[in-house]
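S.K.: Chain A is already provided as a structure; the job is to place chain B on it using the hints.
What follows is the residue order along each chain.
Protein chains: 2
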Amino acid sequence: MSFQFELQHVDGAARAGLMTTTHGMVQTPVFMPVGTQATVKGLTPEQVASVGTQILLGNTYHLALRPGDELIAEQGGLHKFMNWPKPILTDSGGYQVFSLSSQVKITDEGARFRSHIDGSLLELTPEKAVDIQQNLGSDIAMVLDECPPGDSSPEILQKAIARSILWAARCQKHHSRRDQALFGIVQGGTSIALRAMCATELLAMDFPGYALGGFSVGESPDAMHAALPECAAMLPELKPRYLMGVGRPIDLLAGVASGIDMFDCVMPTRNGRNATAFTYDGVVKMRNAKHRRDSAPLESNCPCYGCQNFSRAYLHHLFAADEMLGPTLLSLHNIAFYLRLMADARRAIEERRFTAFREACLARWHPQT
Amino acid sequence: MSFQFELQHVDGAARAGLMTTTHGMVQTPVFMPVGTQATVKGLTPEQVASVGTQILLGNTYHLALRPGDELIAEQGGLHKFMNWPKPILTDSGGYQVFSLSSQVKITDEGARFRSHIDGSLLELTPEKAVDIQQNLGSDIAMVLDECPPGDSSPEILQKAIARSILWAARCQKHHSRRDQALFGIVQGGTSIALRAMCATELLAMDFPGYALGGFSVGESPDAMHAALPECAAMLPELKPRYLMGVGRPIDLLAGVASGIDMFDCVMPTRNGRNATAFTYDGVVKMRNAKHRRDSAPLESNCPCYGCQNFSRAYLHHLFAADEMLGPTLLSLHNIAFYLRLMADARRAIEERRFTAFREACLARWHPQT
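If you read the protein sequences in the order shown, they are chains A and B.
The opening position of the first sequence corresponds to residue 1 in our numbering, with each subsequent residue numbered one higher.
The opening position of the second sequence corresponds to residue 370 in our numbering, with each subsequent residue numbered one higher.
Isolated chain A (complex conformation) (with noise of 0.2 Å):
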């Protein structure tokens, strides 16, 4: 097994380390844009790769359904299909069965459901999962959990929990790929006490590397701030801790904050293509009137192809006129701003004033004056 984590430095419970992955190296904590289809959504891996990109997230519920985990490696892997060299991560597919998908059965056996696709009805088993992300060729792997909604009863979370440990359990014994390593997944919603029952039996199991799941499935970001320091010190110090699909800019710095390494999220691609963008100076609107004549770059700081070359007033208009130009702009902007605020992140804890440069971006973007 060729993955690996060393943890490089500590500033409270915020952490700074390198992972290594069958495709490379990446330095923590570290934001993975998402390449849902084999692709981030309307960029090239040499637009995503020019603004320091480490890591991928590619989703096995979308390839699995589309063109299919097989077809991929019959043409060479994900990484050779889609052109990224560097490491990718993937998902087990179940949190898109329980959001996307219709008519979900669930038995301790797996998940039925039908394609959001075309209808067809479908079946995801540990085992199915484990076999499609080996096929894909990810280098990390994540075992199939259940993901019940945040909200739902402590019986049913409880439920949920112990499915999700056995189906741990089952991905583990499944799993063959040395050149993949697989990740649990620690459930429990913001119950602090399920949280560590379920971290107990995964911790027991030994898996390189560990995620928090569930968190961005309907809490409140609050209550989500509120349960992560707790949440990540349950996990291995000297190994990585992910946590799934989360977030806004002020939920990468709580998480890093709490001790997390990874962090994946679809809201730098999918706020860029609706003309929302992240700055240090806090969120613009390009579609705002005021920047149609504005002569300034979106930041001035930014090193992304889109802050170089164009004003505010061209961004505008390619908004205005429904351009496509514009969402790709603007989503290589945003996953720029979240890779720029994770090295930031990263340069603060090596020096030790994480916290200091947590407070000033808080600051710079909920003004208290």
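These are computed hints drawn from the structure, not numbers from a lab.
All of these numbers come straight from a predicted model, not from anything done at the bench.
Any given hint might turn out to be false.
Computed footprint of chain A on chain B, listed as stretches where at least three residues anywhere in the stretch have a Cβ under 8 Å from a Cβ of chain A [what the hints assert, rightly or not]: (1) 656 to 669; (2) 687 to 695.
Reference excerpt, derived from the structure (chain A facing chain B, CB under 8 Å, subset only) [claimed, not checked]: (3) GLY42; (4) THR44; (5) GLU46; (6) ARG66; (7) LEU71; (8) PHE81; (9) MET82; (10) ARG293; (11) TYR305; (12) ASN309; (13) ALA313; (14) TYR314; (15) HIS317; (16) LEU318; (17) GLU323; (18) LEU325.
Heads up, incomplete: computed chain A residues facing chain B, CB under 10 Å, no partners named [what the hints assert, rightly or not]: (19) VAL40; (20) GLY76; (21) ASN83; (22) ARG273; (23) PRO327.
Positions of the beta carbon are idealized from the N, C-alpha and C atoms, including for glycine.
M.R.: Positioned in the frame of chain A, the structure of chain B alone reads:
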């Protein structure tokens, strides 16, 4: 006036030349990708330049309506606004008034019409068309002309030509930017007599370049191919000749064979967005299921980013999954193809083998076997 044209090589009626404009030199024959709304749809200027684009076309009608030519002037001109430092040609807006807007009323003074965007009542006169293009700051501007449908009666054609000649004189009189060349436009449908009459009048005005208009508006390709040699021969030998809005690869080769130097058309980008690719082996429909497992590139000798980095299987997947990257990659490839075709044609002219080159292309595109 910094505009120059040097005729460098002749092979039959076909020509290779060098055009010098305020923003740089252009080797002819040349294809100009269309950047209607200050962007070539789906592509960054960096991508457009990466395939060897020498000069872009911008649309006066669209830019005057949105974001407005005065705003663009205030932002430093079209080159700076869209970050395209190389030459730009703008049309006069006349063609779009007749094809896109509604309630068009034409008098000798100019055209009144309603905007296709918000229905507002607007006016385009020869003087206004010049003012707009001077605000945009293109290297080459076009006179305003009336564009009747190609199948109009001789009376209507004749009246439109008479008016276009008056408008051309008014444009020339009003034009004052010495860093911008103003081209005349010869109309006349497929009537050689009308074209000759129009050309005689316009040649007397001594424009620095001449276009053939009205060939993209409804004539059958055969009628155009038949009329082109005589129409091109009416234009001055030592000035650039531009065939507006045409066309398919075979139309470009027919134009070059007739002595045309410049072309523009939305086909490469429009067809690219619709999953249709141009190659030296003919048209390729990327949605066709036969590409689903094809690991070969779209076109093996093509230097474009898509052909260098992705398989047909991947391109097929992008269109099946409705991902923006599909239109982007195919638009880029198609522009690359049109530019290669013109560069290859130029080389063939230099080596006095253009007829053989053209025949080899036609044989590959319409195999007789």
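S.K.: Evaluate each hint against the coordinates.
M.R.: Verification of the hints:
no.	hint	result
1	656 to 669	holds (count 3)
2	687 to 695	holds (count 6)
3	GLY42	4 Å, holds
4	THR44	7 Å, holds
5	GLU46	7 Å, holds
6	ARG66	6 Å, holds
7	LEU71	6 Å, holds
8	PHE81	6 Å, holds
9	MET82	7 Å, holds
10	ARG293	6 Å, holds
11	TYR305	7 Å, holds
12	ASN309	5 Å, holds
13	ALA313	5 Å, holds
14	TYR314	6 Å, holds
15	HIS317	4 Å, holds
16	LEU318	6 Å, holds
17	GLU323	5 Å, holds
18	LEU325	5 Å, holds
19	VAL40	8 Å, holds
20	GLY76	8 Å, holds
21	ASN83	5 Å, holds
22	ARG273	9 Å, holds
23	PRO327	7 Å, holds
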